[in-house]
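Asks: Sequence:
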Amino acid sequence: MDLDLTLACGQTFRWRTHEGSWIGVLEREVVRLKQVERKLVVEAKPGKADVVALVRGHLRAQDDIMAIQRRLSSDEILSRGMRDLKGLRIVKLGEWEAIASFALATYANIPRIGKMIETLCRSYGSTLSGGFSAFPTQRQLRTASVKDLIDCGLGYRAKYLHELCRLLDDEEISNLKALPYDELRERLIELPGVGEKVADCAALFGFGKLEAFPIDVWMERAMARLYGVKGNYMKLRRFASERFGPYAGYAQEYLYHNERMRARSGGCRFSEQ
DNA sequence: GCCCAGGAGTGTG
DNA sequence: CACACTCATGGG
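Count along the first sequence from 1, then add 995; that gives the number in the numbering used here.
To be clear, the hints were calculated from the coordinates, so they are not data collected in a lab.
One or more of the hints may lead you astray.
[To be verified] Straight-line distance between alpha carbons at most 30 angstroms, and here's what the computed DSS-like set of lysine-lysine pairs gives:
#	residue 1	residue 2
1	1172	1154
2	1081	1225
3	1142	1110
4	1043	1172
5	1081	1034
6	1192	1081
7	1043	1029
8	1172	1192
9	1110	1192
10	1081	1172
11	1154	1110
12	1230	1192
13	1110	1081
[Unchecked claim] Label-pair ranges, simulated between beta-carbon atoms:
#	residue 1	residue 2	range
14	1233	1257	21 to 29 angstroms
15	1057	1178	22 to 30 angstroms
16	1138	1075	33 to 41 angstroms
17	1125	1236	23 to 31 angstroms
18	1075	1259	38 to 46 angstroms
19	1117	1042	15 to 23 angstroms
20	1035	1124	18 to 26 angstroms
21	1143	1236	18 to 26 angstroms
22	1161	1003	41 to 49 angstroms
23	1257	1226	17 to 25 angstroms
Quick reminder that beta carbons are idealized off the backbone N, C-alpha and C, glycines included.
Start from the sequences, fold in the hints, and give me the full structure.
Replies: Written out as structure tokens, the structure is:
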């Protein structure tokens, strides 16, 4: 497992590097993670919470990653694309945090998404030790007006979050957690500010549905370039489902990061000429 | 200054 | 169904 690869790349927006380790918040715990050789060192303030269990859950330690990678390696193209990404893991976020975060993630780049979310956490989330903040609950966000949320830098996304935190109480989230992927997806898409792509991100990163296959502009490029597949969301999703099966979500992460890395290194070479 | 970003909603042909 | 347009803004 590679922490840098896993935490720095757009499935989660709250982790920050500091002096060679990663600091973030899981539920209401401030956690520091550091990779030492093949071990993962977890630091947190002593307390009641089982922080190691939180970390294991967040990094999906229960996944049989070898079996998943073996299954996906049967695809020649993907096998090559994931060669340098073996340490990448899909993370498990809180359901509400995932829905809210990816509803804010539309038409914005990753640094900006992180900034929006950080501002929200500091403004409306519970204060934790060391000046960190928890992700705000729906109840906490209900105290914010649309203008308040605009002032957090959300732009046109403010009205969506304003509605979402009222629509999704804990009971509704609990109901959603009980649904299989297809039904969950349909229900999520009914929410304001949640289309196909945001629904798939929430399903994959928030509800742990590994068969979900979110498609953004990077994934469109990757699938056109590597597989020659173009078309609407439904067509691309069907292709992925048939090709990658129950682990399409992992395939998506490998393709997504591969495409972004390629764009970055390509840009460097170009500017050197 | 310019381009684009882990899109969605709405209206039109 | 397929497009076209708008939304609001900051990072690179």
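Asks: Indicate, hint by hint, whether the structure satisfies it.
Replies: Results of checking the hints against the structure:
{"no.": "1", "hint": "1172 x 1154", "verdict": "holds (25 angstroms)"}
{"no.": "2", "hint": "1081 x 1225", "verdict": "holds (27 angstroms)"}
{"no.": "3", "hint": "1142 x 1110", "verdict": "holds (18 angstroms)"}
{"no.": "4", "hint": "1043 x 1172", "verdict": "holds (26 angstroms)"}
{"no.": "5", "hint": "1081 x 1034", "verdict": "holds (16 angstroms)"}
{"no.": "6", "hint": "1192 x 1081", "verdict": "holds (25 angstroms)"}
{"no.": "7", "hint": "1043 x 1029", "verdict": "holds (22 angstroms)"}
{"no.": "8", "hint": "1172 x 1192", "verdict": "holds (18 angstroms)"}
{"no.": "9", "hint": "1110 x 1192", "verdict": "holds (21 angstroms)"}
{"no.": "10", "hint": "1081 x 1172", "verdict": "holds (29 angstroms)"}
{"no.": "11", "hint": "1154 x 1110", "verdict": "holds (18 angstroms)"}
{"no.": "12", "hint": "1230 x 1192", "verdict": "holds (13 angstroms)"}
{"no.": "13", "hint": "1110 x 1081", "verdict": "holds (29 angstroms)"}
{"no.": "14", "hint": "1233 x 1257: 21 to 29 angstroms", "verdict": "holds (25 angstroms)"}
{"no.": "15", "hint": "1057 x 1178: 22 to 30 angstroms", "verdict": "holds (23 angstroms)"}
{"no.": "16", "hint": "1138 x 1075: 33 to 41 angstroms", "verdict": "violated (50 angstroms)"}
{"no.": "17", "hint": "1125 x 1236: 23 to 31 angstroms", "verdict": "violated (43 angstroms)"}
{"no.": "18", "hint": "1075 x 1259: 38 to 46 angstroms", "verdict": "violated (18 angstroms)"}
{"no.": "19", "hint": "1117 x 1042: 15 to 23 angstroms", "verdict": "holds (22 angstroms)"}
{"no.": "20", "hint": "1035 x 1124: 18 to 26 angstroms", "verdict": "holds (21 angstroms)"}
{"no.": "21", "hint": "1143 x 1236: 18 to 26 angstroms", "verdict": "violated (40 angstroms)"}
{"no.": "22", "hint": "1161 x 1003: 41 to 49 angstroms", "verdict": "violated (33 angstroms)"}
{"no.": "23", "hint": "1257 x 1226: 17 to 25 angstroms", "verdict": "holds (22 angstroms)"}
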